[in-house]
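Protein sequence lines correspond, in order, to chains A and B.
Residues 472 to 846 in the working numbering are what the first sequence spells out, letter by letter.
Residues 40 to 503 in the working numbering are what the second sequence spells out, letter by letter.
Simulated from the structure, these hints should not be mistaken for lab results.
Where a beta carbon is used, it is the ideal one built from N, C-alpha and C, also for glycine.
Be aware that a few hints might be false.
[Unchecked claim] Simulated DEER-style distance windows between Cβ atoms:
(1) B/Gly184 - A/His513: 35 to 43 Å
(2) A/Arg656 - B/Asp103: 30 to 38 Å
(3) A/Pro623 - B/Met354: 44 to 52 Å
(4) B/Val55 - A/Tyr812: 51 to 59 Å
(5) B/Ala78 - A/Arg625: 35 to 43 Å
[As the list claims (entries may be wrong)] Chain B regions said to be covered by chain A (calculated; three or more residues, Cβ under 8 Å):
(6) 439 to 448
(7) 451 to 457
[Claimed, not checked] Straight-line alpha carbon distances no greater than 30 Å define the calculated DSS-like cross-link-like pairs of lysine-lysine that follow:
(8) B/Lys311 - A/Lys551
(9) A/Lys551 - B/Lys352
(10) A/Lys729 - B/Lys474
(11) A/Lys490 - A/Lys622
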Amino acid sequence: MEVSPSARQGAPRARRPGKRLAWIGQGLLLLIAVAAVVLLAHDFTQNPSLFIQIIISGLQLGFVYALIALGYTMVYGIVKLINFAHGDVFMVGSFVSFYAVTRFQLHVWPAAVFHNMPQMWVVFIGSTSVVLLSMVVCALMAVVIERAAYKPLRDAPRIAALITAIGVSFFLEFFGALSFVFSPRFIPYQRPFDVVTWYFNKGFYRVQPGQSLPDNSVTFSNIFLLIIGASILVQILLQFLVRHTKMGKAMRAASFDKPTARLMGINVDQVISFTFAVGAAFAGLGGVLYAIAYSSIWTQLGILPGLKAFVAAVLGGIGSIPGAFVGALIMGQAEALTMGYISTPMRDAVAFAILILVLLIRPTGIFGEPEKEKA
Amino acid sequence: MDINIAFLAVSILKIVGIIAWIYGVVRALGHPSHWVKLAGIVGGFGIVQIALSVPIGGSPALSDFDSGLLFQACAMAMVSLGLNLIYGFNGQFSLGQWGFYGIGAYTAADITYRWTNGDAKGLVVVGLGCTLGAAMIFGIQRFLGRYQGVPVLSGFTLYLLGSVAVGAVATIVGYWLNPILSPLLGSPDAPGVLTRGFPLQVVYLLAVLLAGAFAAEVSFLFGLPVLTLGSDYFGIATLGFTIVVNTLMINSDTILPFPEMKGGRGMIGIPKLTTWFWAFSFLIAILVVMRNIIHSSTGRAIMSVREDETASKVMGIEVANYKLLSFVIGSFFAGVGGGVYAHFIGFLSPGTFDFLVGFNPLIIVVFGGLGSMTGTLAASFTWIFFLEGLLRVLLGQMGTEAPTWRFVLYPIALLLLMLLRPKGLLGTVEWGFLKTPLVRMRQREPVKTDTPSAGEKISVDQPG
């Protein structure tokens, strides 16, 4: 029984399963992973204290990104909109605190009212009120943006809303750059409290002014501790808000299924506005902390941190709050390590390379649930 | 102040003139007679050429400033037409068009800059690289065609390795051929045979086409993994691409090995070879190619992907391939536009290719109407001329803050447009040549059959 050549030619040749070629892509990933591990191990053994210093700066960056990423992930979870203007809300937060501190001296108001208050309490209450003011202003602004620009487009195609978001973002950046609003220049930021730096070298020591540090010591400042503390506090607060309050339950319901949530008597518009407000308040906090940490602000400050925080939210699984947190920490590390060991300009490239890799390997992110395909 | 208002009025007058000109050329191209088509092209070219060069009462009708705007608008029209193919017709929200424009501009500029400075490596390496690259892509496509459902990452890895190999081969050949060719090129002080007159024009044509081809191949490599993402993720990833390309331009003399691009200081000394003839020819060629793609079965497949991916898949359309195809063609147009722009302006700065400026083509496409070539054409010219006119008016009122005010006003316009007329000002209106060619379909003979067709049966069964 032999098949004639003509019959063999006539039948279309069956295509082989493409899964057999999967090893090529996996090999590339493995190669990247091995290269990264080897390079990092090499860098660590070369100069451990420098490595730890870079990790610390990455943590500082990552915790700020976490504050921004929370807003992205919450808003995307509910209205499926990449809120481009979120980064600019972050910028406005830093500018509000700048004006509060430099023009209106809000950070020392307790000393002006209560004359014999201890210095530490003055700094604490004053700085907290500066932060709260920024948060409130950002939250109000986000609600106004949401009502004016996004709400009318809720039933329009998603891209129409995204273009609107880009428009809002542009408006905030360039309206802010007018001289009677903020200013187009870089502005040195006056911190509401003094920076205290410690160094670690076989024990913790406080850095005295003018002191030269011993070799192989790792420094960190009270700003670093403040950022980590604030970020973790916000994370716990948000978990409580989402898990254990009525509003949190309404938010989860609205993100799951808006029409049904409406049928259950939930005021979905109110929930969406609330989500925008909470996300913007945290972005405002992030803006203040970012300005304190890097002490220079301008009106296009928010674009790149905003985009990177979005990448962080995608990396952690968009819609997931712990995911945004973890994703932001990874982004901070990746950026700091790139700046430290490859080159400073490539920090943005790494962020977007991570985005593309994540979306290729695991589009739902680290903590995301597999998405149901809507036919 | 009054002078500025007059300037705005003159700008608007020019816009009206240009739109009338576009209408005339497009109508003439749509005429069935070949003679009318030819007359339309020659006339459309000639009118502007006369306005540019023949002095009427001391100075030409279009000043140097206007001609600069005109060329810029032509380049912008090419970029925006490409974006309209990607976003308007295929529905992929791309913010990467400006990055491909920049790649095209720098590639074309580098080729001719090196050529006029006695270095043939630019042309040889890019030319050979693009040719071999295309062969490599078709070869790997044939190989992968034997398999069904290849993982995207594997395909991407193969193409990436292929590109690296092709790049290496092209570079080696370029270094090997350079000593043979460079005596013919001479030096900037004493131009050789190939750096004057007609051969230089041929090199310019090659440089612009290769800029498009290079941008297209980069977009193929980038689009292959990224186009599998959902629409808004794709937007962010392409925005990232533009940012990364801009970063590389700023560091082109440190991270990339191109000292002649001079990094953030900007590339100077690019020969100004773009004439109105070239700008017009490229624009018309792109328009014809794009119109023919849109009105072919490929174009209908591309548009069906925009309307409903699942339904097109069911109809047997390979959605991923058509997404990639429109992305690559759109990037090719952007690269050509970049080449035209670089050789008209003579100076490239990374600031021109900043991602904030990169929203301009998107805004033009949205204003003109998604899926309307006429709208994109009209909007590109209107955009450039109107913004300049507006800038003059604002300069009188606001002083140095006028550019910032411009950026404050146009997001507001964009917001209003999105809220009031989300389909764009012109919607999907097309003029003359760009309309669906209904003429031939109407002339087709009706099919005669002996047996009554289904339609007739139904009409019999219908009561009354």
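Hint-by-hint comparison with the structure:
Distance hint check: the CB atoms of B/Gly184 and A/His513 are about 42 Å apart, consistent with the given range 35 to 43 Å. Taking the beta carbon of each, A/Arg656 and B/Asp103 are about 33 Å apart, inside 30 to 38 Å as hinted. At about 35 Å, the beta-carbon gap between A/Pro623 and B/Met354 misses the expected band of 44 to 52 Å. Between B/Val55 and A/Tyr812 the beta carbon distance is about 58 Å. The supplied range of 51 to 59 Å therefore holds.
At roughly 52 Å, the beta-carbon separation of B/Ala78 and A/Arg625 lies outside the given 35 to 43 Å, and the hint is violated. Evaluation of the coverage hint for the segment 439 to 448 of chain B: fulfilled, as 5 residues show C-beta separations to chain A shorter than 8 Å, against a requirement of three. Counting residues of the segment 451 to 457 of chain B whose C-beta sits closer than 8 Å to any C-beta of chain A gives 4, which meets the bar of three, so the coverage hint holds. Of the pairs offered as hints, the one joining B/Lys311 and A/Lys551 is violated, with about 47 Å between alpha carbons and a cut-off of 30 Å exceeded.
Of the pairs offered as hints, the one joining A/Lys551 and B/Lys352 holds, with about 25 Å between alpha carbons and a cut-off of 30 Å not exceeded. A threshold of 30 Å between alpha carbons decides the hint, and for A/Lys729 with B/Lys474 the separation of about 41 Å lies outside it, so the pair is violated. Of the supplied pair hints, the one linking A/Lys490 and A/Lys622 is violated, its CA atoms being roughly 45 Å apart against a limit of 30 Å.
In the structure shown, a violation is registered for the earlier hints numbered 3, 5, 8, 10 and 11, in ascending order.
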